[in-house]
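There are 2 protein chains.
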Amino acid sequence: MYLSRFYLPLMKETPADAQIISHQLMLRAGMIRQGAAGIYSWLPLGYRVLKKIEQIVREEQDRAGAVEMLMPTIQSAELWRESGRYEAYGKEMLRITDRHDREMLYGPTNEELVTEIFRAGTRSYKDLPKMLYHIQWKFRDEIRPRFGVMRGREFLMKDTYSFDLTEEAARKSYYKMFVAYLRTFNRLGLKSVPMKADTGPIGGDLSHEFIVLAETGESQVYCHRELIDMAVPGSDVDFDGDLEPFVRERTSLYAATDEMYDEKEFEKVPEDDRITARGIEVGHIFFFGTKYSAPMNCVVSGHDGRNVPVQMGSYGIGVSRLMGALIEAYHDEDGCRWPVPVAPFHVGLINLKPGDEESDRLCREFYAKLQGAGIEVLYDDTPARPGEKFARMDLIGLPYQMVVGPRGLATGHVEVKERHSGERIELTPDEALDHVTGKIISALVPA
Amino acid sequence: MYLSRFYLPLMKETPADAQIISHQLMLRAGMIRQGAAGIYSWLPLGYRVLKKIEQIVREEQDRAGAVEMLMPTIQSAELWRESGRYEAYGKEMLRITDRHDREMLYGPTNEELVTEIFRAGTRSYKDLPKMLYHIQWKFRDEIRPRFGVMRGREFLMKDTYSFDLTEEAARKSYYKMFVAYLRTFNRLGLKSVPMKADTGPIGGDLSHEFIVLAETGESQVYCHRELIDMAVPGSDVDFDGDLEPFVRERTSLYAATDEMYDEKEFEKVPEDDRITARGIEVGHIFFFGTKYSAPMNCVVSGHDGRNVPVQMGSYGIGVSRLMGALIEAYHDEDGCRWPVPVAPFHVGLINLKPGDEESDRLCREFYAKLQGAGIEVLYDDTPARPGEKFARMDLIGLPYQMVVGPRGLATGHVEVKERHSGERIELTPDEALDHVTGKIISALVPA
Chain G
1 MYLSRFYLPL
11 MKETPADAQI
21 ISHQLMLRAG
31 MIRQGAAGIY
41 SWLPLGYRVL
51 KKIEQIVREE
61 QDRAGAVEML
71 MPTIQSAELW
81 RESGRYEAYG
91 KEMLRITDRH
101 DREMLYGPTN
111 EELVTEIFRA
121 GTRSYKDLPK
131 MLYHIQWKFR
141 DEIRPRFGVM
151 RGREFLMKDT
161 YSFDLTEEAA
171 RKSYYKMFVA
181 YLRTFNRLGL
191 KSVPMKADTG
201 PIGGDLSHEF
211 IVLAETGESQ
221 VYCHRELIDM
231 AVPGSDVDFD
241 GDLEPFVRER
251 TSLYAATDEM
261 YDEKEFEKVP
271 EDDRITARGI
281 EVGHIFFFGT
291 KYSAPMNCVV
301 SGHDGRNVPV
311 QMGSYGIGVS
321 RLMGALIEAY
331 HDEDGCRWPV
341 PVAPFHVGLI
351 NLKPGDEESD
361 RLCREFYAKL
371 QGAGIEVLYD
381 DTPARPGEKF
391 ARMDLIGLPY
401 QMVVGPRGLA
411 TGHVEVKERH
421 SGERIELTPD
431 EALDHVTGKI
441 ISALVPA
Chain B
1 MYLSRFYLPL
11 MKETPADAQI
21 ISHQLMLRAG
31 MIRQGAAGIY
41 SWLPLGYRVL
51 KKIEQIVREE
61 QDRAGAVEML
71 MPTIQSAELW
81 RESGRYEAYG
91 KEMLRITDRH
101 DREMLYGPTN
111 EELVTEIFRA
121 GTRSYKDLPK
131 MLYHIQWKFR
141 DEIRPRFGVM
151 RGREFLMKDT
161 YSFDLTEEAA
171 RKSYYKMFVA
181 YLRTFNRLGL
191 KSVPMKADTG
201 PIGGDLSHEF
211 IVLAETGESQ
221 VYCHRELIDM
231 AVPGSDVDFD
241 GDLEPFVRER
251 TSLYAATDEM
261 YDEKEFEKVP
271 EDDRITARGI
281 EVGHIFFFGT
291 KYSAPMNCVV
301 SGHDGRNVPV
311 QMGSYGIGVS
321 RLMGALIEAY
331 HDEDGCRWPV
341 PVAPFHVGLI
351 NLKPGDEESD
361 RLCREFYAKL
371 QGAGIEVLYD
381 DTPARPGEKF
391 ARMDLIGLPY
401 QMVVGPRGLA
411 TGHVEVKERH
421 SGERIELTPD
431 EALDHVTGKI
441 ISALVPA
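Protein chains in written order, with full-length UniProt numbering: chain G, 1 to 447; chain B, 1 to 447.
Just so you know, the hints here were simulated from the structure itself, not pulled from any lab data.
Please note that the accuracy of each hint is not assured.
Pairs of lysine-lysine residues, derived as DSBU-like cross-links and limited to a Cα-Cα distance of at most 35 Å, are as follows [what the hints assert, rightly or not]:
(1) G:K52 / B:K353
(2) G:K51 / B:K52
(3) B:K264 / B:K369
(4) B:K126 / G:K353
(5) G:K369 / G:K439
(6) G:K51 / B:K172
(7) B:K369 / G:K126
(8) B:K439 / G:K369
(9) B:K91 / G:K126
(10) G:K52 / B:K12
(11) B:K52 / G:K126
(12) G:K126 / B:K51
(13) G:K369 / B:K52
(14) G:K51 / B:K268
(15) G:K91 / B:K91
(16) G:K389 / G:K191
Excised from the complex, chain G in its bound form (with noise of 0.2 Å):
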C-alpha cells in the first residue's frame, strides 16, 4: 500500500477522556475514531489488525472442531422471555421497537437465539456433539464506556456454543475450547493464565475466565509464577484426542481474579512463585449446562428414544477487546509495538527522498519483491520531511523499517530497523531485503 493512497489521520492531541495507553495510541496513530460514547468508527489501519486478530480466533476455533455461521445483529424479544432473561438483563440490553410496535433488542450475546437455532435443526442424539459459533459486533450499554475499544458499548466478540448429550461429552467440548484458547492468545503474541471464574447457582468446576497480564488491567489477580510461560499445546494437537492433561496442567496451579480470591489458599504457593498483578479479561468459557435448553425445550431423543435437553457450553473471546490489551502489552514511549502475526503491515518502507532517481527505483524494487513474497508493506512515498516519517512509522508500530535515501545509497546501503528492539543495522539492498524477508516469514508460521 502505497501510503499517499492510504488514509492515515494521525491525532496530535489525545482528548482528555484517553485515560489508558491503547486508547491514546489508537486514536493518535489513526486507528479508530469515536462516532457515540463507546461506540467506534475502525479507520484502516485498525481494521487491519482487527481483521488479523479475528482470522488467528477463527482458524484455532475451526482447528478444534468449531462451525462458523453468523447470526444477525438484531433480535426478537420473545426468545429472551422463553428463558426468562429478557427482564432480568436491565439496563445493558439496548431494547428497541420496530415501526409494528415489536420489542426488538440488539444481542449483547447469543445464548437463546442459538439455542432456537439448535432446537429447530436437531431431533437425535446422533447428532451430537456440535460446535457452532460467529464473530459479530454486538451492543452493551454500559452506564460509563471508557478505556476505548477495552470497554465500548458495541464490540465484536467470538461466542461458540457447544452441545452434548451428556455432561460427560460437554466436558469434552470444553477442554476442546480451553486448548483452542491457550492457541489463540499464544499465536496473537499474548502470554494468558486460564483463572476460575464463579459459576453461580449452576456450579460446578467449568468456567474458566482468560487473563492477560497487563498493568492498567482492570482486575486484580493472583496466580503460582509457572501459569505464565507455560509452554501452550502445539498445532498438531489432537482436538478428538484426551485433552485432559493439557487442561489439569493449567488448572492445578493457583490462578484467581479478586473475585474468586482465597487467601489462604494463595499462601500455600510458595512465596517466590506468588504473582500479584493487574489483569485483562480477553475471554471467558463456561459450562452451563440446561439453563436454555430445558425451558427452551431444546431436546434431542437419547439412545433409549426419550426426549432430554442438550447440555450447553458458550465460549466467548473479545476480538475488539484483544486489540487494547495487544497494545498494552506492546508499546513504548514512541507508539505500537505489534508483533508480526497481528501488525496491521509487515513492513514500512521509507523513501527519505521522492523524487530522487536511484531511491525511488529501489523503492519500488523492495516494494514489488516484498509483495510478491506475500509481506504486506506500507510505502511512505509521501513528501514529509524525514523527522517526519520516522516518527509517524515509530507510531504506528510496524516491525520493520526500511530507510532508502541518497545518502546511504551513495555507500550502497539501506537502513532496516526493528521496532521492538530499536536495533537499526545498514545493510546492502540485498541483504536488508533478505534479512527482512526471512525474519517476517518465520514469525508468520504458527506455532
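Here the structure of chain G is known, so what remains is to put chain B in place on it, guided by the hints.
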C-alpha cells in the same frame, strides 16, 4: 469438512411466505433461518457463500484503489440532523434511545458518518483523491420485508465513498467504481447491465443502477441486446488510466429500468435488439457533489489556500442480496447450482457405504488430496441411504460430486457428476481426481 461434523439442518416443508425460489432454496438447504421478520441467521452453508461473495467484492474494491475500514452499526442522531436527513428518512430508519435518553439509530447507510470522519482527518487538496469503503450490516425497517434476503431488514452492504477536489476528478472516481462493479458481478458469475438512474434534484448523468436479469426481479427493465454479453475489463485494467472508453461503451446503448423508461428512446433500438425483462438491482453508484460536504462543512484547502467543500460520491453493493440473485440465476428443480467461485464447497464427496474398508480408504485419500490442492470438500460420511445422499447433494448444489461405493470400485471406477450440466461420467480414481481438480482450479482463476 466431514458432513457428520458440519451443521446442515435441511428443511422439508418450505413456509408458505417463501414465495420466490431463492428464498425457498435457502431455507430448504439449511443456509438461513429467520429470526424475526426480515432478519436472518446465516447457517454454516449459507455463511460460506456470503463470505465468498464478500471477498470477491473486497478484492475488486482493493484493485480499484478503495481503502477498507469499518464504521459501526449504531450512529448518533446528531450527525443526521447536520445533513437534514434525520427527520426526512421516515419510518425505515430504526430509531433507538439509549439508557441516557440519547437519540441513536441503526445505520441504513453511512454518508453522514463517513463525511464526519473525513472532515476530521483531512485538511488539504493534497490529501485527495481518496476512496474509503466498508462492508457492514445495515438496517432498514421495511414495512413488508419479503423475498428472504432479497428484501430483508438487516442486510449486508458494501458502501464506498469517494472524495475529490473537483467534479472532473470525481468523475474519474466514479468511472473506477463503474469498472470495479462490472468486474465484481462478472467474477460472481452474474451478467449485470448498468442502467441510468434518477439523480433527483442533483441532476447530471452520474448515477447508475447495476441490474441482473432474472424472472423474479422486482423491476421491469429495457435494454439493448448487446449489453447483456458485452465483455468486461480484465484483471490487468489500469485503474489509474483512462477508464472513460469502458464506461462510454456501456452507456451509449439504451438501458433503463421502468422508473427511467422512455418509450420513444427505446423504439430507436432496432426491434431485434430490444430486450424487455425483469431485473434485480444489485448495485447503485451515485455522484452527489457537495450534498453532504457543504452542510456538514467537510472542506479542504484548495490550490489557492481557500477552503472548498469536497466532491463526493457513494457506491453500494447489496452483498447479502447478491446471494439471492445468484440462486435466482443458478438453480434447477433439484436445488442450487453454484458457480465455482462462490460455491460453499467445491466438491461433494459421497461415500455410498461408510464402513466399507475400500470406500472409506479412497474417500479419505480423495479428501486429503483435494484439500491439499486448495479445493474445499464436503465429505458425506453419514450413514444415510444413497438416495437421500444424492438428493441432499443436489439440493445444496456443489459444482462437482464424486461418488464412491463398492459396486463402482469392483470395476475400478468412481462416478463424477457435474451439477450444472447434470453430466455423469465413470472414471478411475486417479482420472476422477485429475478431472475435478483441473476443472475447479481453472474456474477459480479470476478473469
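Tell me, in ascending order, the numbers of any earlier hints that this structure violates. 1, 3, 9, 10, 14
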